[in-house]
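Sequence lines, in order, name chains V and Y.
Once you know that position 80 of the first sequence is 80 in my numbering, the rest is easy, because the numbers rise by one and skip nothing.
Once you know that position 163 of the second sequence is 163 in my numbering, the rest is easy, because the numbers rise by one and skip nothing.
These are computed hints drawn from the structure, not numbers from a lab.
It is possible that part of the hints are untrue.
Same chains, same names: a pair is fine if it fits in one copy or spans any two.
Claimed, not checked - No farther apart than 20 Å at their CA atoms in a straight line, the calculated lysine-lysine pairs in the PhoX-like style are these:
| # | residue 1 | residue 2 |
| --- | --- | --- |
| 1 | Lys173 | Lys160 |
| 2 | Lys160 | Lys177 |
| 3 | Lys91 | Lys186 |
| 4 | Lys160 | Lys91 |
| 5 | Lys91 | Lys177 |
| 6 | Lys6 | Lys160 |
| 7 | Lys55 | Lys160 |
| 8 | Lys55 | Lys173 |
| 9 | Lys153 | Lys6 |
| 10 | Lys6 | Lys107 |
Owing to the predicted nature of the structure, the values given are computational and were not obtained by experimental measurement.
So you can see what is in the structure, the chains are spelled out below.
2 protein chains.
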Amino acid sequence: MNKMNKINIGPSFPLYPMPVTLVGAIVEGRPNFLTVAWISRVNLDPPLLAVALNKLRYTTRGVQEHRTFSVNIPGVDLVAETDYCGLVSGKEVDKSGLFQVFYGELKTAPLIRECPLNLECRVVEMVTLPTHLLFIGEVVGAYTEERFLSDGKPDMQRMKPFVFLRPEGTYWKLGEKIGEAYRIGKEVPGRR
Amino acid sequence: MNKMNKINIGPSFPLYPMPVTLVGAIVEGRPNFLTVAWISRVNLDPPLLAVALNKLRYTTRGVQEHRTFSVNIPGVDLVAETDYCGLVSGKEVDKSGLFQVFYGELKTAPLIRECPLNLECRVVEMVTLPTHLLFIGEVVGAYTEERFLSDGKPDMQRMKPFVFLRPEGTYWKLGEKIGEAYRIGKEVPGRR
Chain V
1 MNKMNKINIG PSFPLYPMPV TLVGAIVEGR PNFLTVAWIS RVNLDPPLLA VALNKLRYTT
61 RGVQEHRTFS VNIPGVDLVA ETDYCGLVSG KEVDKSGLFQ VFYGELKTAP LIRECPLNLE
121 CRVVEMVTLP THLLFIGEVV GAYTEERFLS DGKPDMQRMK PFVFLRPEGT YWKLGEKIGE
181 AYRIGKEVPG RR
Chain Y
1 MNKMNKINIG PSFPLYPMPV TLVGAIVEGR PNFLTVAWIS RVNLDPPLLA VALNKLRYTT
61 RGVQEHRTFS VNIPGVDLVA ETDYCGLVSG KEVDKSGLFQ VFYGELKTAP LIRECPLNLE
121 CRVVEMVTLP THLLFIGEVV GAYTEERFLS DGKPDMQRMK PFVFLRPEGT YWKLGEKIGE
181 AYRIGKEVPG RR
């Protein structure tokens with residue numbers, strides 16, 4: 001089969017949509033936060049996630065030094081503060097007062113009170129790539145609040161996460177639910 | 001500062017929202033596709049991405065053997081087929097006829113015609129984790145169609161991607177745009 005109407009748009013085209021997170025670390029004694037979309041879960045048990053941080057970023061120093069970091073998921077009400085953390089570097093601006101900070105088990109993984117979900121991670125492996133360091137972290141604690149639960153379970157519609165689209169560079173709310181996983185696919189064999 | 005109203009919900013709580021992709025490989029001579037949400041860009045230049053595949057998955061065999069894979073981003077019209085690819089294993093069902101397949105530069109990275117974005121990747125590094133293998137791949141080609149472009153640029157609103165939420169296990173459309181990156185954050189210093 002040929003390529004039909006497909007056109008090559010070059011290898012640098014980004015993946016999308018991406019989750020939006022604030023990664024926290026202690027740098028030079030103070031909490032610092034960086035906007036990060038290059039993040040994913042990578043292992044089931046133990047729960048591991050991987051986060052790619054540019055080698056030049058201020059936050060990266062703190063993760064290397066303490067081998068701990070936090071991942072905070074902001075709700076839509078924090079879109080401006082989230083963008084701000086990617087616009088200004090901790091090298092120039094002290095971002096430690098931007099949010100209320102708390103700690104879980106790890107004393108060098110600053111967690112953001114205003115975010116509906118907080119994960120604290122211990123680095124278990126680091127992969128050096130040309131422009132980025134890929135930190136693989138074990139999640140040792142996850143925090144939320146009662147108001148984000150429904151029937152005792154975390155409820156994404158209350159947490160109101162948002163996503164980041166490249167190449168436009170825009171943030172988007174979630175819209176309509178279009179299906180249940182492990183269920184909607186069952187109708188496929190019949191309709192083929 | 002104490003934890004205020006925060007409650008510990010345990011380390012296994014997932015990241016969200018996650019992108020939804022179909023990862024393709026050649027396994028036992030045939031194209032096979034697996035639904036994958038554990039994926040992220042990890043390096044700027046060269047363009048590298050990381051994908052975590054369960055060691056037990058059929059697709060994983062093909063990526064290990066040929067050291068190539070594809071990443072295909074489905075639009076909302078493919079939600080059922082996408083879910084199906086995660087429900088049934090290539091060990092039991094031949095998924096090679098589910099989509100129209102084409103190839104770019106790599107002859108062992110099957111690309112899906114029906115998906116608005118296709119990336120073909122060559123594995124440059126593999127990290128062995130307890131339950132998953134983390135493949136770091138260099139993107140060597142990206143494909144779309146003219147109908148998904150606006151002013152010559154890929155237009156996400158035409159591509160209509162969707163996201164996956166855990167722990168509910170649900171697929172969601174994108175909703176309203178809530179801000180421009182590198183812009184909306186500029187208002188923060190003034191309002192603090």
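| query | Given identical chains, is lysine 55 near lysine 160, meaning Cα to Cα at most 20 Å, within a copy, between copies, both, or neither? | reply | Intra 31 Å, inter 33 Å, cutoff 20 Å: neither.
| Within, between, both or neither, where lysine 160 and lysine 91 count as close if Cα-Cα is 20 Å or less | Intra 31 Å, inter 38 Å, cutoff 20 Å: neither.
| Copy assignment of lysine 6 with lysine 160, given that the CA separation must stay at most 20 Å | Answer is between; shortest inter-copy Cα gap is 17 Å, intra-copy 35 Å.
| query | Under a CA distance limit of 20 Å, which applies to lysine 91 and lysine 186: within one copy, between copies, both, or neither? | reply | between (52 Å within a copy, 17 Å between copies)
| said: I want to check one pair: lysine 153 and lysine 6. Are their C-alpha atoms no more than 20 Å apart within a copy, between two copies, both, or neither? | reply: Between. Shortest inter-copy distance 14 Å satisfies the 20 Å Cα cut-off; intra-copy 43 Å does not.
| task | Evaluate lysine 6 and lysine 107 at a C-alpha cut-off of 20 Å and name the case that applies: within, between, both or neither. | result | Classified as between; 16 Å across copies, 51 Å inside a copy.
| field | Status of lysine 177 relative to lysine 160 across identical chains (alpha carbons, at most 20 Å) | value | both (13 Å within a copy, 13 Å between copies)
| query | How would you classify lysine 55 and lysine 173 at a CA-CA limit of 20 Å: within, between, both, or neither? | reply | neither (30 Å within a copy, 34 Å between copies)
| Is it within, between, both, or neither for lysine 91 and lysine 177, if the alpha carbons may be no more than 20 Å apart? | Neither way: lysine 91 and lysine 177 sit 41 Å apart in one copy and 31 Å across, limit 20 Å.
| said: My question is about lysine 173 and lysine 160: at a cut-off of 20 Å on alpha-carbon distance, are they close within one copy, between copies, both, or neither? | reply: both (8 Å within a copy, 14 Å between copies)
The structure is inconsistent with the numbered hints 4, 5, 7 and 8, although it conforms to all the rest.
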